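Chains as they are written, first to last, in my numbering: chain A, 1 to 249; chain B, 1001 to 1800; chain C, 2001 to 2428.
The hints are simulated quantities; they were obtained by calculation from the structure and are not laboratory data.
Predicted model, so just to flag it, every value in this text is computed and none were measured.
Ideal Cβ positions, reconstructed from N, Cα and C, are used throughout, including at glycine.
One or more hints might be untrue.
[To be verified] Beta-carbon label-pair distances, calculated as ranges: (1) B:Thr-1010 / A:Asp-55: 27 to 35 Å; (2) B:Glu-1259 / C:Pro-2077: 30 to 38 Å; (3) C:Pro-2077 / B:Val-1108: 48 to 56 Å; (4) A:Gly-39 / B:Glu-1061: 56 to 64 Å; (5) B:Phe-1217 / C:Pro-2077: 22 to 30 Å; (6) B:Glu-1061 / C:Ser-2330: 47 to 55 Å; (7) A:Ala-162 / C:Asp-2082: 53 to 61 Å.
[Stated by the list, open to error] Examples of chain B residues toward chain C, derived with CB under 10 Å: (8) Gly-1051; (9) Cys-1053; (10) Thr-1733.
[As the list claims (entries may be wrong)] Listing some non-contacts, in silico: residues in chain C with all C-beta distances to chain B over 12 Å: (11) Lys-2055; (12) Gly-2277; (13) Lys-2299; (14) Asp-2378.
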Amino acid sequence: MSTPEEILRGAQNLELEAAEEGTRPRPVRRFAHGSRVPGWDEAVDLEKDPAGIPDPALTPVPSELRAEIEAHMANYPDRRSAALPALAAAQRVHGWCSPEAIEQVACVMRVTPAYLESVASFYDMLETSPVGRHSVYVCTNISCSLCGADELYAALAAAAAAGDGGDEINVRSFECLGACDIAPMASVDGVYVGPLSVADVPQLLADVHAGRPVLPDKQLARRLVADPHANTREFPEHPAEQAARPGGA
Amino acid sequence: MPRPEPRTITFTIDGREVQAPENAMLVDAAKLGDVEIPVFCYEPKLGQPVGACRMCLVEIEGIPKLQTGCSTPVKDGMVVYTQSQRVQTAQQSVVEFLLINHPLDCPVCDKGGECPLQDITFGWGGAISRYIEPKRHFVKPLELSPLIAIDRERCILCYRCVRFSQEVAEDYQLVLLERGAHSYVSTFDGHPYVAPFSGNIIELCPVGALTSRPYRFRARPWDIEGAGSVCTLCPAQCNVTITVRDERALRVLQRDNSEVDDGWLCDKGRFAYQSFHVDERVIEPLVRDGGQLRPVSWERALSAAAAGLKRAGAHTGALAGGGTTNEEGLLLARLLRERLGSPHLDSRRAGSLPLGLLRALNEPQLQAKVSDLEFAHAVLVLDAEPVNDAPILDLRLRKGVRRQHMKLAVASPNASLLDANAALSVRYAPGAGALFATALNGALSDDPNVEQLAREAGAEPEAVRELAALLSGSDSDGDGGPADSADGNAPAREIVIVWGERLTAGPNAAAGAIALLGLADSLGMAGADGAGLLEVPAFANGRGLREAGVLPNAGPGLSEPSAVAGETDGGSPARDARAIAEGLTAGELSALYLLHCDPQRELPDRELWERALAGASTVIAHTSFLTDALREHADVVFPAEAYAEKEGTVVHPDGRLQRLRPAIARPGEVRAEWRVLVELALRLGHDLDVLSATMASQRLFDAVPFYAGLTLEEIGGRGVRWQERAAAAAYPTPATSDEPEGPSAAAVQPPEDAADLDGYHSVWDAPEVEHSPALEFLFPRRNGAGESVLPLSYVGGEPA
Amino acid sequence: MMAAASEGGRAPILLFADIDEPGLNTLEVYERRGGYQSLRKALAMTPEEVLEQLKASGIRGRGGAGFAMGTKVSFLPKGSMDKYLVCNADESEPGTFKDRELMQKTPHTLIEGLIIASYAAGTNRSFIYIRGEYELQADMLDAALHEARAAGYVGENILDSGHSLSLVVHRGAGAYICGEETGLLDSLEGKRGNPRLKPPFPALQGLYQGPTLINNVETLATVPAILAMGGDEYAKLGVETSTGTKLVSVSGHVQRPGNYEIELGIPSREIIYGLAGGPPEGREVKCWFPGGSSSPVLKAEDLDVPYDFNSLAQAGTMLGSGAIIVVDDSTPILDVAMKVAKFYRHESCGKCTPCREGTNWTVKMLERIDAGEATPMDLEVMASVQEHIIGNCLCVLGDAMAMPIGSMIAKFKDEFEAHMEERRLSHA
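Next up, chain A with everything else stripped away, as it sits in the complex (with noise of 0.2 Å):
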């Protein structure tokens, strides 16, 4: 007995072939075309029990991760509030939002799982299926497309992939992250440098891939206001971070 997936995909091939043979009109493939969604297709596993709020006998939390969701939960009249820190804690403890690390915010939140997966799939930086370490978004909307974004994306992307280590990079097309005024830019592990160039890739790479601030000159963080009134007198240009992310204030 075959299953579904077989018996569809066996037709869809013999649709191909009749296709290919020139007897028919060539048929959208069933499952290939543009829309697909990741998920869609996915039974569940009734062999598995439902998913209920996890045991905390049965499921270990690191303690540090334990401690700061609870320190985020503090911080909100309900709980649930810290839905969104807590994510991004366990992402940056687990590398994604994986399902065992939904469990340990859902065991020390005292929520579902399920409820974390749904809010988590819904916000584009926690990440739901596995991907390298270091983050790369590259701003593919209109003001950085207009300066041509999508090529650097392109190039981003292939570079990241063709070189050593390629599967540690996450580079991703992202939507407008509010810093059109050095468009095309990306955003590093966090950290926004632009105006790029094609040009800029390798040595970008080579910083995520030593551990080096990316591109120091053309980070943000240095940059000045480009209103001509704005400053009275002149300025050096911005000193990067001045020392103000918490810890190391």
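Put chains B and C on the given structure of chain A with help from the hints.
Okay, now just chains B and C, sitting in the frame of chain A:
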């Protein structure tokens, strides 16, 4: 809490003046003027409107943008148009948008013919689609759970199912994943959506995206009929519509009765219809012959039973349980009392209560209604776990907390699924329910011994005091109840106590009852309209059977039992269930008549019952399934009717008489059980004078004084609470009005001696669940204590 | 006055004054420059008096909707219930990056403005919802908040005024829709950022069902300046219905993209050409978005429209978030439409039908045009789909795509048709 009483206003819709309650949503108000505004996502049972589907856009004078009728409260003088060009264009466009990715595979869709999307497209859609891009196609259907299939192509993302999971069942298992056009309904990481009420999403779905796996492709809407009845698989007695095709039940749907079930069903109620039609069902009479139960003719089975009963005479005990109707119970009681001279019959699980207490607990003015659970100021769930005892009450309590800000308190020996919703949860030692109730009563009446009493119950004294404060409204954080009002002559607080039968069972039965009566008194329940006690009996028709007189110490209508006729059991005191078992074991009783009851499985003290059944010389059972004990010990088995085949009445725990109507034909040799009892009596030379089911009901209405004058027509499809009829005045007053036995008289046993430890029996642990193929997976596991319960994880509750 | 503005007689710089001064993000430098004096001034007044100042200033919300801030504050019910002030720092409208510069360089201005607003509105709990991508800015805010707390500006009984305020910086995780105020509230409550039905409006039932005031970063950051100069004085800046100065983000095909603080009411040309340098040499403005990518586009002939709320509304578009995106004649209009439509499809939350399906359908139609599989009739269908979206959605996201796309179809119909024909022939 006072129920809202909206004033009536007049508004204009499509040029017509219509009267409607103020602030009703426009789509509901429009119906009063015979105007239908189409909706997909709107379903008031799910809570606040979400306005997501945009199907109900209407034009309101004075508001520039079209408004959603589902979320606009109607006001006096409002002028609404649902037929203007603007509205029609908007409605057509919404239908066009919805059909973009809908596969329109109606010919092979289970929903076809009863599909809101079809109907609305027909009524409000445009005739053509301008969408020529390829539609999405995916593998389908996919399993969402053992019970439910999901077809994501058909889904129109109306949010109903996920809102049910999140805002009604509150299990938070079914969610939307992803965003925008990619959104889809799913669960976490491929876990199935298994929860006690999951099947409701099938009925909520306005398209064919969620279908019942057992029902898929079994019928088309035009070759089925709906038959209304009442599910008697548990005490909740939800109203149902049974889908019938060729005399078979193919599906069970809700039949919304806000006074009973609020339009929801549990999965047992929804899917256990399968057990009506399985091969394992007993559909012919069986008699033990050479050690084996063998099919025989009715003639032979009836004579064998009659002979056995004749031999035993007054040494016969009888138990009625399950979905036994009032009429069957009355006939059984009459057979025993009038013909056999035996007073040994029971319909309570574990021990009798003195008649005075029984009467006091069931006094009409002390009885709460189901809807009171929603509107009370506070509800205490005492020694009961609704999901396991009467599932649908669980949803009602959640609704009360969520929507009416009812304060919920839970007092139980184990973690409860309602803990997360409770303002306060208090734990006490297993079996110490009566002690706990006594302590709580002490706390309410400032008894100096509270501390001591609480400790004896294994509860924290502080928690007991907190609970007392919550119930009396003297706790600091105000809940808007009368206790907070400044004017002094506040109406009484409405408090409801939902209590499990086990609180008044076992050695501490009387103490439990006295404590309950004390609580009712301290909390002023008798004087408050929406307040009272609501017992969850162990058996589905527990209340009805007691009122019909299936008790050792009470006749019909909780009367003093009349002296038994004929040969008597040497004047030995009437035996309750446990005493029957002891009598059988000791050889003092010789026959046992079981109406829908397997005592070894359903009653406490399995070992005792094993010995009792082995010791009985004749065991006669009405049953649909041969459980282990019956297979081993029954001498005569009468095939029992399923509830869908029955005719008669039952009584809801809140006193509502409800009517069972036969929806399907009885299979095989199955006969009406009232007829079997009448026939058996005849063979024993006694004419019970019942020739039809209607006559059986009439006998019941005549026998119970507070049912006087009832007719089946009056009960009708919605049922009627006898407490609300004039005949309720005939309710027998308790022997002594105050403290029937006196609290000191009832010696409270320490919990370790209380007997109810091994007998926790969940409604999910039933042959109907076991024998419904679709529900097999749900068959509860036994926990360490031998209790049979649904695992907590099935309902998204907090693990203990 | 307008002419004067372009010739050095500019209106005062309120928000960007010496914004690049090193250390301005620290309390020390901020206070040295007179920081938190407005707060002291406000706390010496009654909340009603502060509210009067805000009303007198006439300042309209800088987030997009342009609602009068003072009026919004006065919508909050009086009483002792839990009330909330939420700062919308989810700056996600394409082309907008003004709040980023403020939060990064002078976070204390926002915090000071927020405390004053909370005092006027009588709220004791506040949150800054900042988009998750703004990591540097969120860190800056957190550090500044830490200092402000230590200095007693945030917390219990601020400067012995009896007013208390808790403040939490809440980081989003990447969803444009969380910039919509009710989507933001749901997100802040830890849910998917789906917008809610209105009414009830947040002022009555917002965060955790409590009355909630939601303001944009720039609006709140302007509050200290209003208090310092007085509401009436502030109202003299700009034009009657659009008072004050405004940060404008200019991007796209201009030579000097960036943020500029302008006085409302100056000609748009002044901003695009005068400040941002206009398109690169040899190119012409083809169209421009005056208020982020959700505003209907204007053409080169509209460059002299005064840049203020009402004038832009009269021109059939809106000031929105104050983000000007300039597109020159080197870019096909189809590419612009495609970027815009794809963005809104990606960001549609999926809750309501017209937006979820309409954005998706629009993208598919545009792709079909680009693939040479469309006919002019499709352009009509596309225009009609936009009409069916506008006004029929739960929130404004659907409109945010339909309005600019509709305007592009209306204003560049010929170019669409030519593109269609050219692609059709090349694919034939």
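Against the earlier hints, flag every one the structure doesn't satisfy and list their numbers going up. Going through the list in order, the structure violates hints 1, 4, 5, 10, 14 and respects the others.
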